[in-house]
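Engineer: Guided by the hints, dock chain B onto chain A, whose structure is given.
Protein chains: 2
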Amino acid sequence: MTLYVNLADLLGQRIENGFYRPGDRLPSVRALSLEHGVSLSTVQQAYRLLEDNGLAAPKPKSGYFVPVGRTAPALPAVGRPALRPVEISQWDQVLELIRVVPNKDVIQLGRGMPDITSPTLKPLLRSLATISRRQDMASLYYDNIYGTHGLREQIARLLLDSGCQLTTNDLVITTGCSEALSTSIRAICKPGDIVAVDSPSFHGVMQMLKGFGLKALEIPTDPITGISLEALELALEQWPIKAIQLTPNCNNPLGYIMPEAHKKALLTLAQRYDVAIIEDDVYGDLAYTYPRPRTIKSYDEDGRVLLCSSFSKTLAPGVRIGWVAPGRYLEQVLHMKYISTGCTATQPQLAIAEFLEEGHYEPHLRRMRGQYQRSRDQMTDWVMRYFPQGTRVSRPQGGFMLWIELPEDFDTLRLNRALLGQGIQVAGGSIFSAAGKYRNCLRMNYASKPTAEIENAVKTVGSTIARLLSETV
Amino acid sequence: MTLYVNLADLLGQRIENGFYRPGDRLPSVRALSLEHGVSLSTVQQAYRLLEDNGLAAPKPKSGYFVPVGRTAPALPAVGRPALRPVEISQWDQVLELIRVVPNKDVIQLGRGMPDITSPTLKPLLRSLATISRRQDMASLYYDNIYGTHGLREQIARLLLDSGCQLTTNDLVITTGCSEALSTSIRAICKPGDIVAVDSPSFHGVMQMLKGFGLKALEIPTDPITGISLEALELALEQWPIKAIQLTPNCNNPLGYIMPEAHKKALLTLAQRYDVAIIEDDVYGDLAYTYPRPRTIKSYDEDGRVLLCSSFSKTLAPGVRIGWVAPGRYLEQVLHMKYISTGCTATQPQLAIAEFLEEGHYEPHLRRMRGQYQRSRDQMTDWVMRYFPQGTRVSRPQGGFMLWIELPEDFDTLRLNRALLGQGIQVAGGSIFSAAGKYRNCLRMNYASKPTAEIENAVKTVGSTIARLLSETV
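Protein sequences appear in the order of chains A and B.
Sequential numbering of the first sequence, starting at 1, is according to my numbering.
Sequential numbering of the second sequence, starting at 474, is according to my numbering.
By construction, these hints were calculated from the structure, which means they are not laboratory data.
Treat the hints with care, as some may be off.
Stated by the list, open to error - Label pairs and their calculated CB-CB ranges: (1) B:T640 / A:D105: 49 to 55 Å; (2) B:R521 / A:T130: 57 to 63 Å; (3) A:W239 / B:Q711: 38 to 44 Å; (4) B:T640 / A:R157: 44 to 50 Å; (5) A:K104 / B:E703: 55 to 61 Å; (6) A:R414 / B:E706: 50 to 56 Å; (7) B:E831 / A:T117: 26 to 32 Å; (8) A:K104 / B:R521: 51 to 57 Å; (9) B:E831 / A:W239: 55 to 61 Å; (10) B:Y772 / A:D411: 56 to 62 Å.
Stated by the list, open to error - Not the full set, but computed from the structure, chain B residues with beta-carbon under 10 Å of chain A: (11) A555; (12) D565; (13) M586; (14) L601; (15) Y614; (16) C650; (17) G791; (18) T814; (19) T819.
Backbone N, C-alpha and C fix where the C-beta goes; we use that ideal spot for every residue, glycine too.
Here chain A stands alone, though its shape is the one from the complex (with noise of 0.2 Å):
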């Protein structure tokens, strides 16, 4: 990350913990030039990119300051988990979140759907159409079990943007992100091992994680700054883990991006304590900052960080291609990929590649980004018109979801069954928990362009949420 982009971070995630109110003067260009040894044009930068994030707004001649429309919620607490291996639960509730078919009669805000109405994925239409048409039927054949060697190209050159130089013999295609992150779990655990994640955390990791017969050990969460370093290293210290497993780039649920000298304490960590980092990162390029966030996977020298993505979230769910750069677990991710799938299927892998290869991928990026950055702005204003006063709610950094925190005795199960009469759906909390915790947690996703059925439907859970609190007190 550049300096200006590391420095208007800083100043945002102060701004954005209320350490500057709206209004406030911000420090001035000399002043933060001197402090952080670098040069007025940086700081000018810096001070740009928050202007363009809604964070400062300059007044002529007397610099820049917090604007004052800005009425900034409440973030969500730090979690609370208990700090011990626990077995997972809640599939019953998982499961029901997923066998709903996608119903234009539903609002699904429950679930982890992009927008993929954009006109910059009609190429990606066309080729998958094109390769179809073509008559050497290479696409109805097994690829190899790697993943068809141009795909893999592509992706290598991709991941230059999060600071990773790798080859294509660094690469895994899989089926979907979850094939990534279920084939390293395996790779490295055995049944009864215990994990360490953040929490709240992606409720399909924790699914796994019961499926192996794993232990999760919750690690508590800053919705800022992630997972935290003193507590990991406590339960290093405490228990024999084997792999941290965290989402640190536009996390889910949480939206963050975990500062850079996090990542690299963190790697830190995981090599004195000789632990795996399974780190995902399937909204990394959806980051709302350019250029985007760099994985912890780019600072990893030994090879013991495997870092999963797709193209689920960026491109779309449907076609079901994901990777893994599994490092010195290549061996073992292979033979867990082979029995779980096989191969992977050919005809995405070649229309995808195709894709990239032409040039869409990143004006399509582009446009998401700006898409989903509006909308959770818009969201986030819905969210605090329609819900009951107290309510707290994440500012995602990335990605498309809001993670929105209730009084502590509501239970958002008992929201979600009220909702589904009306059409609604929004994900419950305690599935991003091992042990069930943030019932009065809920995720919304904003992925869609804010039109005004969304906004009744935020409404509606809005005074839905206002009805059972009234009923509980």
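Structural biologist: This is chain B only, laid out in the frame that chain A set:
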């Protein structure tokens, strides 16, 4: 199965087994009618079927004879695996087989690839293309975890042909048969558990057992009637077996179809010892007899059979679409599928459903069955001509794989290494055994239409074997 097919089966087996020798007169129509209590026309139909299969030749006014030209090669011997649970090895050899990229310069007789050059497959490519061109973009979304409703409807209809009466709710679409098998195994077994398997057996399943920390108990298997029920019963008596995994129809690699009575008896055994049956039917639709054989699942009344299959052998492997009918294990299989790949890709599901619905599947199957049966005869002839005397060869009743047995101390690992330099690849036998038996066997694919190039390859394999044999002596 109808009466005449049953009868033809029985006679065919006696001929294949050498009970009747070339030139022998076969029993008269009248005698068989009396012996089996069936009508004269049933016997006549049976003889016509045998005639079609080259096992009987009519002589005007004197009845049916075993064709003189027919010099059926000796069948492989029944394997003698160690009758105790073993851990699985050979991953390095499997990796060698699947690491190879499809390549015009290498004649790959080793892999399980069907012929995908048939014009009867064109409608599938058309559907794949059309679905991508449509503007609703449904193909880019996740469907629900069961798979698309339309495809499950079509598969439920197909399954009637193998005697199964299932509904869409009994089916889960998977990423190839690999995922069907792996989710089934994991739905039932915990690490350390014992699974009984036919021997030789599909190397994919061997590696799954290895990957999940399970033990395999290899059961001796007859090249005509399949897994030995006596040996299996003994094993069930002695060991806490959790599941029986086998491929009763068009077995891979032996090619037999287990007689119906054996299938029923196997199910009864499974009921008595309360174990699950994981039935691989991936080659079942490619049986050379019509109608296709029934599955064990078709007799299943208490949901203990998990039927696994895919379109990888009948249509194309690269589309990665399979299914599982998990019976009473549905919930567990759904969980295992969710954590393995999430959902299955949407677009190929829609395309295959369209291909089936428009009636393209049956004509395609008819064509492929005929082609594979003719290729089997051609490949068998070549092996008998070019391989050393004493070579034993399977007599596949469906599919496109030949199992070849060489003298006991021959090593097909050395053979494969010697062949690779000559641009030929075969599958060494040891990967088909948990304990690495069958090193003196190999499996060859005869899916492609016979060409001079393939004949030359078989010739080269034969002469290389002869050379290695002479070096051994």
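Engineer: If you check the beta carbons of Y772 (chain B) and D411 (chain A), does the distance land in 56 to 62 Å?
Structural biologist: violated (47 Å)
Engineer: Given Y614 (chain B) as an interface hint, is the shortest Cβ-Cβ distance to chain A below 10 Å?
Structural biologist: OK, holds: Y614 (chain B) within 10 Å of chain A, min 5 Å.
Engineer: Taking 51 to 57 Å as the stated bounds, is the beta-carbon spacing between K104 (chain A) and R521 (chain B) within them?
Structural biologist: This hint holds: roughly 55 Å between Cβ atoms.
Engineer: Given a cut of 10 Å on the nearest C-beta pair, is the interface hint for T819 (chain B) held or broken against chain A?
Structural biologist: This interface hint holds because 4 Å falls under the 10 Å limit.
Engineer: Please check whether T640 (chain B) and D105 (chain A) have a Cβ separation lying inside 49 to 55 Å.
Structural biologist: violated (24 Å)
Engineer: Note whether the CB distance of E831 (chain B) and W239 (chain A) lies within 55 to 61 Å or breaks it.
Structural biologist: holds (58 Å)
Engineer: Is the interface hint satisfied for A555 (chain B)? The criterion is a beta-carbon contact with chain A at less than 10 Å.
Structural biologist: It is violated, given that the least Cβ distance between A555 (chain B) and chain A is near 23 Å, above 10 Å.
Engineer: Indicate whether the distance between the beta carbons of R521 (chain B) and T130 (chain A) respects the range 57 to 63 Å.
Structural biologist: At roughly 48 Å between Cβ atoms, T130 (chain A) and R521 (chain B) fall outside 57 to 63 Å, so the hint is violated.
Engineer: The hint says 38 to 44 Å between W239 (chain A) and Q711 (chain B); measuring C-beta to C-beta, is that right?
Structural biologist: Distance hint for W239 (chain A), Q711 (chain B) holds at roughly 40 Å.
Engineer: Is the interface hint satisfied for G791 (chain B)? The criterion is a beta-carbon contact with chain A at less than 10 Å.
Structural biologist: holds (4 Å)
Engineer: Tell me if the beta carbons of K104 (chain A) and E703 (chain B) are separated by a distance inside 55 to 61 Å.
Structural biologist: holds (58 Å)
Engineer: Return holds or violated for the Cβ distance of E831 (chain B) and T117 (chain A) against the range 26 to 32 Å.
Structural biologist: holds (29 Å)
The earlier numbered hints that this structure contradicts are 1, 2, 10 and 11.
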